[in-house]
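Undergrad: Listed in order, the protein sequences are those of chains C and G.
Letter by letter, the first sequence follows residues 83 to 655 of the working numbering.
Letter by letter, the second sequence follows residues 83 to 655 of the working numbering.
Hints in this document: simulated from the structure, not taken from any laboratory.
Misleading hints may appear alongside valid ones.
Because identical chains share one entry, a pair is satisfied inside a single copy or across any pair of copies.
With a straight-line cut-off of 25 Å between C-alpha atoms, the simulated PhoX-like cross-links for lysine-lysine are [stated by the list, open to error]: (1) LYS84 with LYS261; (2) LYS87 with LYS513; (3) LYS87 with LYS261; (4) LYS185 with LYS173.
Number of protein chains: 2
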Amino acid sequence: MKLEKLVGERFKERPSDCVVDSHALMVRGGYMKAMANGIFSSYMPLKRITQKIENIIREEMDAIDGQEVLFPVVMPGSLWEESGRYNSIGKELLRFEDRSGAKHVLGMTHEEAAVHLVRDYASTYTRYPFMIYQIQTKFRDEARPRAGLIRVREFTMKDAYSFHTSQEDLEQYYMQCYKAYENVYRRAGIPEVVAVKSDSGMMGGKVSHEFMLLTSIGEDSIVICKDCSYRANMEAAECITENVRDEVSAALELVHTPEQKTIEEVCAFLGADEAKSCKAVVYQRNSDDKYIIIFLRGDREVNETKVTNYLGFDIHPAVITEESGITAGFIGPKDLEGDFIVLYDKSLEGLNNLICGANKDEYHYKGLDMERDLEKVEYHDFAKIPEGGICPVCGKHSITIKRGIEVGNIFQLGTKYTESMGMTYTDENGKSQYPIMGCYGIGVGRLAASVCEAHHDDYGPIWPISIAPWQVHLCAMRADDKNVKAYADSLYNDLQKAGIEVIYDDRQVSAGFMFSDADLLGVPVRVVVSPRNMKQSVIELSTRDKSIKESVPTENAVQRIKELVNELLEKCR
Amino acid sequence: MKLEKLVGERFKERPSDCVVDSHALMVRGGYMKAMANGIFSSYMPLKRITQKIENIIREEMDAIDGQEVLFPVVMPGSLWEESGRYNSIGKELLRFEDRSGAKHVLGMTHEEAAVHLVRDYASTYTRYPFMIYQIQTKFRDEARPRAGLIRVREFTMKDAYSFHTSQEDLEQYYMQCYKAYENVYRRAGIPEVVAVKSDSGMMGGKVSHEFMLLTSIGEDSIVICKDCSYRANMEAAECITENVRDEVSAALELVHTPEQKTIEEVCAFLGADEAKSCKAVVYQRNSDDKYIIIFLRGDREVNETKVTNYLGFDIHPAVITEESGITAGFIGPKDLEGDFIVLYDKSLEGLNNLICGANKDEYHYKGLDMERDLEKVEYHDFAKIPEGGICPVCGKHSITIKRGIEVGNIFQLGTKYTESMGMTYTDENGKSQYPIMGCYGIGVGRLAASVCEAHHDDYGPIWPISIAPWQVHLCAMRADDKNVKAYADSLYNDLQKAGIEVIYDDRQVSAGFMFSDADLLGVPVRVVVSPRNMKQSVIELSTRDKSIKESVPTENAVQRIKELVNELLEKCR
Numbered sequence: 083m084k085l086e087k088l089v090g091e092r093f094k095e096r097p098s099d100c101v102v103d104s105h106a107l108m109v110r111g112g113y114m115k116a117m118a119n120g121i122f123s124s125y126m127p128l129k130r131i132t133q134k135i136e137n138i139i140r141e142e143m144d145a146i147d148g149q150e151v152l153f154p155v156v157m158p159g160s161l162w163e164e165s166g167r168y169n170s171i172g173k174e175l176l177r178f179e180d181r182s183g184a185k186h187v188l189g190m191t192h193e194e195a196a197v198h199l200v201r202d203y204a205s206t207y208t209r210y211p212f213m214i215y216q217i218q219t220k221f222r223d224e225a226r227p228r229a230g231l232i233r234v235r236e237f238t239m240k241d242a243y244s245f246h247t248s249q250e251d252l253e254q255y256y257m258q259c260y261k262a263y264e265n266v267y268r269r270a271g272i273p274e275v276v277a278v279k280s281d282s283g284m285m286g287g288k289v290s291h292e293f294m295l296l297t298s299i300g301e302d303s304i305v306i307c308k309d310c311s312y313r314a315n316m317e318a319a320e321c322i323t324e325n326v327r328d329e330v331s332a333a334l335e336l337v338h339t340p341e342q343k344t345i346e347e348v349c350a351f352l353g354a355d356e357a358k359s360c361k362a363v364v365y366q367r368n369s370d371d372k373y374i375i376i377f378l379r380g381d382r383e384v385n386e387t388k389v390t391n392y393l394g395f396d397i398h399p400a401v402i403t404e405e406s407g408i409t410a411g412f413i414g415p416k417d418l419e420g421d422f423i424v425l426y427d428k429s430l431e432g433l434n435n436l437i438c439g440a441n442k443d444e445y446h447y448k449g450l451d452m453e454r455d456l457e458k459v460e461y462h463d464f465a466k467i468p469e470g471g472i473c474p475v476c477g478k479h480s481i482t483i484k485r486g487i488e489v490g491n492i493f494q495l496g497t498k499y500t501e502s503m504g505m506t507y508t509d510e511n512g513k514s515q516y517p518i519m520g521c522y523g524i525g526v527g528r529l530a531a532s533v534c535e536a537h538h539d540d541y542g543p544i545w546p547i548s549i550a551p552w553q554v555h556l557c558a559m560r561a562d563d564k565n566v567k568a569y570a571d572s573l574y575n576d577l578q579k580a581g582i583e584v585i586y587d588d589r590q591v592s593a594g595f596m597f598s599d600a601d602l603l604g605v606p607v608r609v610v611v612s613p614r615n616m617k618q619s620v621i622e623l624s625t626r627d628k629s630i631k632e633s634v635p636t637e638n639a640v641q642r643i644k645e646l647v648n649e650l651l652e653k654c655r
Numbered sequence: 083m084k085l086e087k088l089v090g091e092r093f094k095e096r097p098s099d100c101v102v103d104s105h106a107l108m109v110r111g112g113y114m115k116a117m118a119n120g121i122f123s124s125y126m127p128l129k130r131i132t133q134k135i136e137n138i139i140r141e142e143m144d145a146i147d148g149q150e151v152l153f154p155v156v157m158p159g160s161l162w163e164e165s166g167r168y169n170s171i172g173k174e175l176l177r178f179e180d181r182s183g184a185k186h187v188l189g190m191t192h193e194e195a196a197v198h199l200v201r202d203y204a205s206t207y208t209r210y211p212f213m214i215y216q217i218q219t220k221f222r223d224e225a226r227p228r229a230g231l232i233r234v235r236e237f238t239m240k241d242a243y244s245f246h247t248s249q250e251d252l253e254q255y256y257m258q259c260y261k262a263y264e265n266v267y268r269r270a271g272i273p274e275v276v277a278v279k280s281d282s283g284m285m286g287g288k289v290s291h292e293f294m295l296l297t298s299i300g301e302d303s304i305v306i307c308k309d310c311s312y313r314a315n316m317e318a319a320e321c322i323t324e325n326v327r328d329e330v331s332a333a334l335e336l337v338h339t340p341e342q343k344t345i346e347e348v349c350a351f352l353g354a355d356e357a358k359s360c361k362a363v364v365y366q367r368n369s370d371d372k373y374i375i376i377f378l379r380g381d382r383e384v385n386e387t388k389v390t391n392y393l394g395f396d397i398h399p400a401v402i403t404e405e406s407g408i409t410a411g412f413i414g415p416k417d418l419e420g421d422f423i424v425l426y427d428k429s430l431e432g433l434n435n436l437i438c439g440a441n442k443d444e445y446h447y448k449g450l451d452m453e454r455d456l457e458k459v460e461y462h463d464f465a466k467i468p469e470g471g472i473c474p475v476c477g478k479h480s481i482t483i484k485r486g487i488e489v490g491n492i493f494q495l496g497t498k499y500t501e502s503m504g505m506t507y508t509d510e511n512g513k514s515q516y517p518i519m520g521c522y523g524i525g526v527g528r529l530a531a532s533v534c535e536a537h538h539d540d541y542g543p544i545w546p547i548s549i550a551p552w553q554v555h556l557c558a559m560r561a562d563d564k565n566v567k568a569y570a571d572s573l574y575n576d577l578q579k580a581g582i583e584v585i586y587d588d589r590q591v592s593a594g595f596m597f598s599d600a601d602l603l604g605v606p607v608r609v610v611v612s613p614r615n616m617k618q619s620v621i622e623l624s625t626r627d628k629s630i631k632e633s634v635p636t637e638n639a640v641q642r643i644k645e646l647v648n649e650l651l652e653k654c655r
């Protein structure tokens, strides 16, 4: 491919609307163009990258006996009504009517389609286990698309669905898929991706993992134990607290706390530690705005996912009205009256001598004793684990929190979909059973952007050769020089004949211009042919990551370039 | 791949809802499953077929310097408003609103997206010509999906867009693409596809061709000259008539024709030739139901496409009400009164002594003379060319009409989209110009179904090896026989090591069952290992099309199979 003919513009300046580097570099480099909020077109370099990623994924899925299929993007609403998700998923599921008024959805995930495809076929135990997958366009009507390809509305995804006759078989296959995912990330050039335990959310099921690229621009908080192998998404990480009860419980005392509304203000005002306070956080149920009041220790934060999972419905931060009966800023568990759902976090269990709101304007209590002053309450884990918190596995205070981009996920779904959609098989004993499912996703565009986040400098991406748009970037400096042009042309042909993917820049532009374009395209191997090195009968060979830079005699050029390409490819195996 | 593990059911009986063979065989063979009207999922065999077709297309598009890109499936309505198609296209364009109420469409073609992607980049003449293409899911909300993959609502399509600075350059590239298309069909195993002139319809532009597979189940009528190379879609075929005027014009005479409403009835009643009559066909404008009356010779049929193109708006067959002022069954051009659009077909030009309606219940005229009895009228070509009609190129009465499936189309679009969307470039003289576009489409699934239509028998498809789901179908007859199983297993491994795609059937089922499954999968090369031929140390090698059947000594088996696979592959080059 001649660079001169490559469709797409390259820019020097960082676009002002790009908050992450991968987005900025992929816009600057002519990889993509926004068409609408969270909807992009891809130019040829990005298309080549994603195609290579897709092929890596395809090989790894085929290696674990996956069968590639294709589901529709547009699906009938009736199919999603069978699973119940037509109504249970929020606005991110795009629903519309066709010309005849029939309800349809745009696929954001394909559990229903997978069950539909196999439920007649897989009617007897002898047909299990099996896995089907597709690589297909998906649409998720995100409220806030962001960060270029990291969070978009339309995206290409590999989604796989496995079907089993026992939990053990699912678990065994789940581990195979786990390893296949590690292979994908290694081969795509980001072996540093880690698997973390995750919350299964709207997918259903119990055990699930997310594969995370740890980076400061990540949207997810990842809980990592520095002492053992424990890793989890914040949403799913158990928060353990060592609750130490004072030996003596002081008497409950009403104190005047004018204008001290936040727990920080109150504790400062009363000279108390936040860990010795009981704070309230208020939400409302999405469906009817009913209030949910969560009490937890003053130094803890609410983990909304845990609350939602416990309640089984969606919530949002509350707007506290005058009519609500809630005394905003002074809410406490004692003498709280009204039709609220009240929850207690484990961080409060057994504690005494706490400060809390008195449900009365400008007043708090001192000396609250959870055991003495409240009727019997149930405590559950609703809190985020803090930096330095206790590891749920090794029990040490060794938790650290990092940011991560989710570049894949795997779920043990169980029978959620097969039960709701009436898919059964006959077992060895002639008994009807529900198959057990797993599902496994990787977003292709997000993976490309994540590799760029992990491997770039100020001048552009540094693509691993396994997914780079081309393997070799050939620069003919001063292509107006006959010798340069003739040699570079023949090298271009020879490299292509040798099966190497070459992007060839023979434009008559300055060296600076040429190199900045090459940096933006991020091709791993660079070859420079120039009047000066023609005189010495050499070419200049280097790598985009600057680890290699050498002069190679022209007679060995093809041979040495091929060698280097193969070396780099070998590293991504 | 072991057949036993292949997900999908195979049936013996033809499904009652399948009207064409490709649909019936692809359902019976476990290639696809309907999810909704015109919306299908593909099982692995079909996915493998379409992927091979996509790769052939990709290679041919790359060979004519196409750059593969990717456009979104979901596009903002505002982009389609720029070209005017948001409003001009009917209900087949699926429109919906996202969560924020913004208008969107599902892409059925991507001219707007192509212009959007390149209009900033291609701002100067030096960047031309170029071609971009994608292979992507499309959605067209067809009123009447039919015939399996022949006419669906969701489909995968290769769509390409070229941009030029002169009509000559477009025409030269158009011919390159024309040849690339011929390559695609040849390589996919249907070299018999022919290019025909077509109507450009909603795409805009003037010159266009459709690539047609001639088959009785086709939806299109194809006009073919038996004497010269003229071929056209009926929609676009010029209808020439030799109008011979009688030497003497009889007087105009009102005749009573009770209950004779159709032109056939009236002519029979009056003992006249239909070619000596003037019939009326009535339509209504879609937007406001205004009536359009077309007069043409009694032995001609209206070509709606020609009428629509002439009028510039969409029409539908009329419902004639009492208030319309139209005397249904007795409509004639003389003394026709009312606010109608009246059109005359060339088949009437200069004729006399015609029968026609008298615009009066139960009365017709005899002796109508188009020149004498009507005010000056304009004649245009609104008729379908008939069997035996006059070839517009060689002038002989050599026209024959066949049915065809459209398996691709190419359009010289001109500046319709670049003008309406304000895409310009600066030419050599610094002047602003609109680029000239071409566009080029191939439906992947429809092509697969068309190959099946062209190549099948009662028992299943006969896939050309270039697109077959596998190259070799290995049958181990009586896999309970140790020798058979051991040899077949080792042959399976050896063939795979030799890079051959094998589907391996080692189920313990009857020969009949095994072969009928093999016929349904349509794999071109079949290898049978059985107790009987094990005794003779041979395998049975045959082709699905029955052209080859031979015994091969086991020691030569891999070698000979490889040879045969390569021979077949060579034929599809």
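Undergrad: Give a verdict on every hint.
TA: To see whether the hints hold, each was checked on the structure:
no. : hint               : result
1   : LYS84 with LYS261  : between (39 Å within a copy, 23 Å between copies)
2   : LYS87 with LYS513  : between (64 Å within a copy, 22 Å between copies)
3   : LYS87 with LYS261  : between (41 Å within a copy, 22 Å between copies)
4   : LYS185 with LYS173 : both (15 Å within a copy, 15 Å between copies)
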